[in-house]
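**Q** Residue-level listing of the chains:
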Amino acid sequence: MNYHWDWLFFFQEADDGLMYYQWVLSGLGWTVAVSLTSLAIALLLGSAFGVLRTTPNRWLIAIGDTYVDVFRNIPLIVQLFLWFFVLPELVPRDIGLWMKQDLPYFVTAVIGLGLFTGARIAEQVKAGINSLSRGQRFAGLALGFTEWQTYRYVRLPMAYRIVLPALTSEAMNVYKNSAVTYSVGILELYFQYKQIIEKTSQVLEITIVITLAYFVVAFATNRLFAWIEQRSRVPGMIAGGQGGK
Amino acid sequence: MGDFDFSIIAANWRFLAEGLRYTVQVTLTAMVGGILLGTLLALMRLASLWPLRWLAAAYINFFRSVPLVQVILAVYLILPLLLQFLTGRLIPIGADNSAYFTFTIFEAAYYAEIIRSGIQSIPRGQVAAGYALGFTYSQTMRLVVLPQAFRNMLPVLLTQTIVLFQDVSLVYAIGATDFFGAADKITQRDLRPVEMYTTVAVVYFVLCFALSRLVKYLQSRIAIIR
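Residue numbers (the numbering used here), protein chains in the order written: chain A, 1 to 245; chain B, 1 to 226.
Derived by calculation from the structure, the hints in this document are not laboratory data.
Predicted model only: the values in this text are computed from it and were never measured.
Keep in mind that the hints are not guaranteed to be accurate.
Using 30 Å as the maximum straight-line C-alpha spacing, the simulated DSS-like pairs for lysine-lysine come out as follows [as the list claims (entries may be wrong)]:
#1 B:K185 / A:K199
#2 A:K199 / A:K100
#3 B:K185 / A:K100
#4 A:K194 / A:K100
#5 B:K185 / A:K194
Anything over 10 Å on all C-beta distances counts as not near chain A; from chain B, calculated [stated by the list, open to error]:
#6 L28
#7 T29
#8 W50
#9 P92
#10 Y131
#11 T177
#12 V200
Built from N, CA and C at the ideal position, the CB exists for glycine as well.
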């Protein structure tokens, strides 16, 4: 292969006075920031909508189901484009201008990715709650808990533990999906990857480095969740016992 | 929303339909290729020879830990280098063609995991029964295990295919003209983002929603047999 290997290009200066390895690091920083913020939003939304779908009220169930159906059946990149290019045109003019000019890209991107991921988490949370026996809710109600309190103190604590392995893989997916936010102007890892290829043509070196970077964040997340799984396990339960090894 | 201009869609429907056709073609190619390669990987992963197991696990874990957009771009750039190295000639591939290859090898990793758990859901006694009848390994797999496994995992395989169908939109990264790419190119020219992106979203939603309902129905049908 007439490929010219040059690992030292990472220490060359780019146009903006920074070195290429610094581009990679800054991209990594944005990737982590976008992913963690989106994950936090997704956990909140996913829990809220997941709970709605398990309530006895059929209107609340319909709201939860609609959210999940809409956000799971449209590709992420299309969803991001809707938030960025379509929504500002549909709201009143002043708000639209503000969204286009003053609202940081980061905010729109994490809301978009958060809503997308939230639908997947809602599915897991619902499955977790439904896997508990009905008696758990009845016991809570019999103790004088309100419906909400049975969620807060009885059902959710168990449901989260049960779905923790599924949440782990969702958390790892967020990193991969965050790469799509490059298309709406977030300067994250994949954006830097693309940019460095355009500037230097050292495709193979940079592919190896970026791939490793994604490996590292995904692996770190995996270990973090395994640690949470181990710390939060309930003695005597099969569900919590296996994780973290 | 009052000035939603339907005529812009009517004027460009042919270009959009062409994009959708490409999306469907990539989806179907990657589905067939991915399931074939995925079955092979799953069998390797369950094999008794450790190098086979190790190789399959490495392949699957690798593709499952990198973002798809990155793989799309990397293959698009590296495949020509590789072909040049192998054949000594410069073969132009083009973004449209490279996507077929990328999606096949990428989705194979995901299909492989589904197929593996499908095979593992078959009772061990079935394999023993196959051997007891004098079947070879490949006969046991082909005639006993895989038919049952595929029946069980059909809903999950189809769900993965719906995900794949949506993921084809990521060929945006290399500028191929899929359904979304077509809408995006029209937007660049006519500056009508609302009409174009909304149309794409609605069409994707209707297709994927209908397919996922079909999968649900299938699931209930298959559940009876087990």
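**Q** Look at each hint and say if it fits the structure.
**A** Hints, verified against the model:
For a cut-off of 30 Å, the pair hint linking K185 of chain B to K199 of chain A stands: about 25 Å separates their Cα positions. Between the alpha carbons of K199 of chain A and K100 of chain A the distance comes to roughly 29 Å, so the proposed pair stays at or under 30 Å and holds. At most 30 Å may separate the alpha-carbon atoms for a hinted pair to count; K185 of chain B and K100 of chain A meet this at roughly 21 Å. As the CA atoms of K194 of chain A and K100 of chain A are separated by approximately 25 Å, the hinted pair is consistent with the 30 Å bound.
Between K185 of chain B and K194 of chain A the CA atoms are separated by roughly 20 Å; this keeps the pair inside 30 Å, and the hint holds. Remark: the non-interface label on L28 of chain B is consistent with the geometry, its nearest Cβ contact in chain A lying 17 Å away (cut-off 10 Å). Against chain A, the non-interface label of T29 of chain B holds: every CB pair exceeds 10 Å, the least being about 18 Å. Non-interface status of W50 of chain B relative to chain A is upheld: no Cβ of that chain comes within 10 Å, the nearest being about 20 Å off.
The beta carbon of P92 of chain B is kept farther than 10 Å from every beta carbon of chain A, the shortest such distance being approximately 16 Å. Distance check on Y131 of chain B: its Cβ is at least 31 Å (rounded) from any Cβ of chain A, clearing the 10 Å threshold; non-interface status holds. At roughly 14 Å, the least C-beta separation between T177 of chain B and chain A is larger than 10 Å, which holds for a residue marked as non-interface. Under the 10 Å C-beta cut-off, the non-interface status given to V200 of chain B relative to chain A is violated; the minimum distance is some 5 Å.
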